[in-house]
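S.K.: What follows is the residue order along each chain.
There are 4 protein chains.
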Amino acid sequence: SNRFVLIAGPCAIESEEMTMMVAAKLKEICEELDIHLIFKSSFDKANRSSVKAPRGLGMKRGLEILQRVKTELDLPIVTDVHEAWQCAEVAKVADMLQIPAFLSRQTDLLVAAAQTGKIVNVKKGQFMAPWDMKNVIDKLRDSGNENILLCERGSSFGYNNLVVDMTGLVEMRSYGFPVVFDATHAVQKPGGQGTSTGGNREMVPYLMRAALAVGVDAIFAEVHPDPDHAFSDGPNQIHLSRIKEILEQAIAIDNITKQLAVSNKQQ
Amino acid sequence: SNRFVLIAGPCAIESEEMTMMVAAKLKEICEELDIHLIFKSSFDKANRSSVKAPRGLGMKRGLEILQRVKTELDLPIVTDVHEAWQCAEVAKVADMLQIPAFLSRQTDLLVAAAQTGKIVNVKKGQFMAPWDMKNVIDKLRDSGNENILLCERGSSFGYNNLVVDMTGLVEMRSYGFPVVFDATHAVQKPGGQGTSTGGNREMVPYLMRAALAVGVDAIFAEVHPDPDHAFSDGPNQIHLSRIKEILEQAIAIDNITKQLAVSNKQQ
Amino acid sequence: SNRFVLIAGPCAIESEEMTMMVAAKLKEICEELDIHLIFKSSFDKANRSSVKAPRGLGMKRGLEILQRVKTELDLPIVTDVHEAWQCAEVAKVADMLQIPAFLSRQTDLLVAAAQTGKIVNVKKGQFMAPWDMKNVIDKLRDSGNENILLCERGSSFGYNNLVVDMTGLVEMRSYGFPVVFDATHAVQKPGGQGTSTGGNREMVPYLMRAALAVGVDAIFAEVHPDPDHAFSDGPNQIHLSRIKEILEQAIAIDNITKQLAVSNKQQ
Amino acid sequence: SNRFVLIAGPCAIESEEMTMMVAAKLKEICEELDIHLIFKSSFDKANRSSVKAPRGLGMKRGLEILQRVKTELDLPIVTDVHEAWQCAEVAKVADMLQIPAFLSRQTDLLVAAAQTGKIVNVKKGQFMAPWDMKNVIDKLRDSGNENILLCERGSSFGYNNLVVDMTGLVEMRSYGFPVVFDATHAVQKPGGQGTSTGGNREMVPYLMRAALAVGVDAIFAEVHPDPDHAFSDGPNQIHLSRIKEILEQAIAIDNITKQLAVSNKQQ
Numbered sequence: 001s002n003r004f005v006l007i008a009g010p011c012a013i014e015s016e017e018m019t020m021m022v023a024a025k026l027k028e029i030c031e032e033l034d035i036h037l038i039f040k041s042s043f044d045k046a047n048r049s050s051v052k053a054p055r056g057l058g059m060k061r062g063l064e065i066l067q068r069v070k071t072e073l074d075l076p077i078v079t080d081v082h083e084a085w086q087c088a089e090v091a092k093v094a095d096m097l098q099i100p101a102f103l104s105r106q107t108d109l110l111v112a113a114a115q116t117g118k119i120v121n122v123k124k125g126q127f128m129a130p131w132d133m134k135n136v137i138d139k140l141r142d143s144g145n146e147n148i149l150l151c152e153r154g155s156s157f158g159y160n161n162l163v164v165d166m167t168g169l170v171e172m173r174s175y176g177f178p179v180v181f182d183a184t185h186a187v188q189k190p191g192g193q194g195t196s197t198g199g200n201r202e203m204v205p206y207l208m209r210a211a212l213a214v215g216v217d218a219i220f221a222e223v224h225p226d227p228d229h230a231f232s233d234g235p236n237q238i239h240l241s242r243i244k245e246i247l248e249q250a251i252a253i254d255n256i257t258k259q260l261a262v263s264n265k266q267q
Numbered sequence: 001s002n003r004f005v006l007i008a009g010p011c012a013i014e015s016e017e018m019t020m021m022v023a024a025k026l027k028e029i030c031e032e033l034d035i036h037l038i039f040k041s042s043f044d045k046a047n048r049s050s051v052k053a054p055r056g057l058g059m060k061r062g063l064e065i066l067q068r069v070k071t072e073l074d075l076p077i078v079t080d081v082h083e084a085w086q087c088a089e090v091a092k093v094a095d096m097l098q099i100p101a102f103l104s105r106q107t108d109l110l111v112a113a114a115q116t117g118k119i120v121n122v123k124k125g126q127f128m129a130p131w132d133m134k135n136v137i138d139k140l141r142d143s144g145n146e147n148i149l150l151c152e153r154g155s156s157f158g159y160n161n162l163v164v165d166m167t168g169l170v171e172m173r174s175y176g177f178p179v180v181f182d183a184t185h186a187v188q189k190p191g192g193q194g195t196s197t198g199g200n201r202e203m204v205p206y207l208m209r210a211a212l213a214v215g216v217d218a219i220f221a222e223v224h225p226d227p228d229h230a231f232s233d234g235p236n237q238i239h240l241s242r243i244k245e246i247l248e249q250a251i252a253i254d255n256i257t258k259q260l261a262v263s264n265k266q267q
Numbered sequence: 001s002n003r004f005v006l007i008a009g010p011c012a013i014e015s016e017e018m019t020m021m022v023a024a025k026l027k028e029i030c031e032e033l034d035i036h037l038i039f040k041s042s043f044d045k046a047n048r049s050s051v052k053a054p055r056g057l058g059m060k061r062g063l064e065i066l067q068r069v070k071t072e073l074d075l076p077i078v079t080d081v082h083e084a085w086q087c088a089e090v091a092k093v094a095d096m097l098q099i100p101a102f103l104s105r106q107t108d109l110l111v112a113a114a115q116t117g118k119i120v121n122v123k124k125g126q127f128m129a130p131w132d133m134k135n136v137i138d139k140l141r142d143s144g145n146e147n148i149l150l151c152e153r154g155s156s157f158g159y160n161n162l163v164v165d166m167t168g169l170v171e172m173r174s175y176g177f178p179v180v181f182d183a184t185h186a187v188q189k190p191g192g193q194g195t196s197t198g199g200n201r202e203m204v205p206y207l208m209r210a211a212l213a214v215g216v217d218a219i220f221a222e223v224h225p226d227p228d229h230a231f232s233d234g235p236n237q238i239h240l241s242r243i244k245e246i247l248e249q250a251i252a253i254d255n256i257t258k259q260l261a262v263s264n265k266q267q
Numbered sequence: 001s002n003r004f005v006l007i008a009g010p011c012a013i014e015s016e017e018m019t020m021m022v023a024a025k026l027k028e029i030c031e032e033l034d035i036h037l038i039f040k041s042s043f044d045k046a047n048r049s050s051v052k053a054p055r056g057l058g059m060k061r062g063l064e065i066l067q068r069v070k071t072e073l074d075l076p077i078v079t080d081v082h083e084a085w086q087c088a089e090v091a092k093v094a095d096m097l098q099i100p101a102f103l104s105r106q107t108d109l110l111v112a113a114a115q116t117g118k119i120v121n122v123k124k125g126q127f128m129a130p131w132d133m134k135n136v137i138d139k140l141r142d143s144g145n146e147n148i149l150l151c152e153r154g155s156s157f158g159y160n161n162l163v164v165d166m167t168g169l170v171e172m173r174s175y176g177f178p179v180v181f182d183a184t185h186a187v188q189k190p191g192g193q194g195t196s197t198g199g200n201r202e203m204v205p206y207l208m209r210a211a212l213a214v215g216v217d218a219i220f221a222e223v224h225p226d227p228d229h230a231f232s233d234g235p236n237q238i239h240l241s242r243i244k245e246i247l248e249q250a251i252a253i254d255n256i257t258k259q260l261a262v263s264n265k266q267q
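Chains as they are written, first to last, in our numbering: chain A, 1 to 267; chain B, 1 to 267; chain C, 1 to 267; chain D, 1 to 267.
So here's chain A without its partners, still in its complex pose (with noise of 0.2 angstroms):
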């Protein structure tokens, strides 16, 4: 099959048991749906506005429940690292690390990722181009890893606010390697609720169609089962009552995007 994979889980561990329910639970709508599911969470939020908001378990705690999700679940894990010693030990547990936006032009950081030969899942710079990226491909090639997504969250447009622009996704993936299209975190309005992200979480269906309609190969999607009441990033994450039915309509859209591509190497 080549449906989309879907990386997705709540955007902080905030306690074992709501990471473990969060996960079964998109495990059986990913097995109905027959969509490939990579569970990603994470274990500190390293960049939150403000310094009181909540960060997370920590790394030891995070990474126990993941291996706990991993092991019960058979649901292969991704988390982000946010400095080059997380690394190795993150990659005992995950089977993907994830760089952070802003943190995606920190050599030291790509190289670590890379050195623990485990897939490695950039988000682009809100302040880069796309193109851009090709020197962060180098950077984890040069390490030794070619098992590289390219994952786009949107960019920089005038203050708080991101704009998605649907060419570069086309413009990554000539470059060879899986791009991501993270639905949920580019509906964020960055500090645009003065000590937190503000975001709109409705037009994240909309935006997951128009880049599967474009063509990815993976969707990132953060989903919570009280939004309102996260942790972190409650604006834009999807309630769990509704990703089943938002993972439909994507199903459709990627159908016939994928056929489409089939058919254009046909002719």
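Keep in mind that the hints were calculated from the coordinates and are not lab data.
There could be a bad hint or two in this list.
One copy or two, it doesn't matter: identical chains are merged, so the pair holds either way.
[As the list claims (entries may be wrong)] Derived pair list, reagent style DSSO-like, types lysine-lysine, alpha-carbon separation capped at 30 angstroms: (1) Lys258 - Lys134; (2) Lys92 - Lys134; (3) Lys52 - Lys118; (4) Lys265 - Lys189; (5) Lys25 - Lys258.
Since this is a predicted model, take the numbers as computed values, not measurements.
Once you have looked at the hints, place chains B, C and D on chain A.
M.R.: Here is chains B, C and D on its own, set in the frame of chain A:
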């Protein structure tokens, strides 16, 4: 049918022969694909980058040719107006008047266009937010015209570049008027070639599919039998020989989106 | 003297009395400060956000009032034109014709303005790069007019915001024509108040000083005796009671910059 | 004296000899011009566009050289930190720690820098609004440090370009901490040369003068004896032979602005 309407034709009325040929060919394709076609071509390119660039055949000759398209091919006609005095004259031939993006806040032009009673298609200025179009709507409604189309053609994104904010399509649709996506102007690089505007026609099908996956009521696309030698907008016009295939892709996506919309309403 | 020229006046000709009063007061201040003043006011606000917003007294009455300013106060006059047919009429009174930013690529308007033989002040569109003005210059020169001013009034920066790229002033000055900095429109928040344009008049003196420190030939500023009750552009017009103090700051900076320029040339 | 402080030095510590030479020369110039100098150079360029680009001599060797500048030339030292663990070590030598723009929201780095008790100079991220810096201030203050500098180095403006919003300097100054204008990074074209960042060093004096005319407390500028052969940031560093003349211009503008500020306070 709730399939998207197509507004298409060569950017400029370069000659009677070419205009008739393209109109006939587009009509044939759209009949085959069951798409409602509105023929578009401009009698004057009033805001060329350079004064030396050709501008077209002028209003009198242009309207004669558009009248021939209308009569002989039985196609509805849209063309753009640049100063208020042109509206009444153009409305004798055109079924729809188009307001260019740079002129989308010129009150006299909007009022004169509205007062013809014809449909008015307003291109959102590259300097406007989606919600700024509410004031445009009010200008037209206050002039007694409710036959309004809102057209997205990209927003200024730094110098010599545009970006399409796909969430703007959702926003504008919420105002209760049909929304058009202009797939060929959205790929322009304004002023990007020094004395003319560049563009990237390869991106047209991708943006068209993205907009249709979000949900729009009409697609606008400029089509030319030999874009590299077009009077104007060469870098972004679609080659006439490719339009059928691009429309087939568009229909495939649009069918899904319109089904999703119906199923959402039924829930 | 190489001191900056001041182009100033109330945004709109609201009444004969107010226009004469402001013009007389500005004249008095500029004589005291040894600044060359060109009086500016608009007979029509042709691109208001809302159709309900007042537009001014119209061309006929407006030109009569501007003629009175010219005759009685012996001040040169500039006012803006919106459609080509207005240029010849306006040129009977005005010493300088101004092209609004949204219209800065309308070839017919530029040509008609150029053909009056009057000085033409073109506001750079919010959607244009500084170097895009080279095409505007060519349009005017090819129409036989070398009396050109290039005016910076800010660039689109996300939605409902402008930013001034101060390096654009240097770039435009290199084209050999005087450069104007429009200090009051540069602080606008276009569409930022829903049905009208917002602004931040507190920032005017800062941007004016910045532009003069870079080096410009003229300052454009709208001045009103009661900005909070102005027809138009209230949030960004300067209060008449504050203009003298702001100009004194401007002179202090301009004197230094012009000295630096002289000293650079002597090296 | 309320004259601006100068934070300057070569972008990277390329060698002991070159570092000492530039520091000595800058010290001599600043003594002559009565400018307070803080010497800046980086031991590691941690976010180069390309992994192949040189990064500097590393932390240990770099700090030894900075210590020599401090001891032999009696200059205060600032250098940038990239991961939290570096802060305590760097603070043994540096009088001020600098947070790179891409890292300006990394809570751990800000907290670790604050906890050294040294002055912390935070570069505003290219993806941040001026008011987003209030959260950065809170992170530092909540960590017990009130010795904060806020530094403007440009905002993302489309792809591969930055723009300086001069009104942001006024906004940030209103928060009660000194504001620095980084005149050399503000002229960068990020990623603009494919595998490296471009820039336009000719614009540095203009932006520096503009910022000083608005009013800032310090100027940041990278200076190199041979910018075209610099390890890093060649296109935007100032040639050492030009810095004196540029500073003389800066002083002339700063003197006026500081006089205006004093006269405003007296009113």
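S.K.: Decide, hint by hint, whether the structure agrees.
M.R.: Status of the hints after comparison with the structure:
Only within a single protomer do Lys258 and Lys134 lie at most 30 angstroms apart by alpha-carbon distance; the minimum there is 25 angstroms, versus 37 angstroms between protomers. Taking the shortest alpha-carbon separations for Lys92 and Lys134, only the intra-copy value of 28 angstroms comes in at or below 30 angstroms, while the best inter-copy value is 38 angstroms. Taking the closest pair of Cα atoms, Lys52 and Lys118 come within 30 angstroms of each other only across two copies (22 angstroms); inside a single copy the shortest separation is 33 angstroms, beyond that limit. Proximity of Lys265 to Lys189 under the C-alpha cut-off of 30 angstroms is restricted to the inter-copy arrangement: shortest distance 29 angstroms between copies versus 39 angstroms within a copy.
In the homo-oligomer, the alpha carbons of Lys25 and Lys258 lie at most 30 angstroms apart both inside one protomer (27 angstroms) and across protomers (29 angstroms), since each shortest distance falls under that limit.
Consistency note: the structure conflicts with none of the earlier hints.
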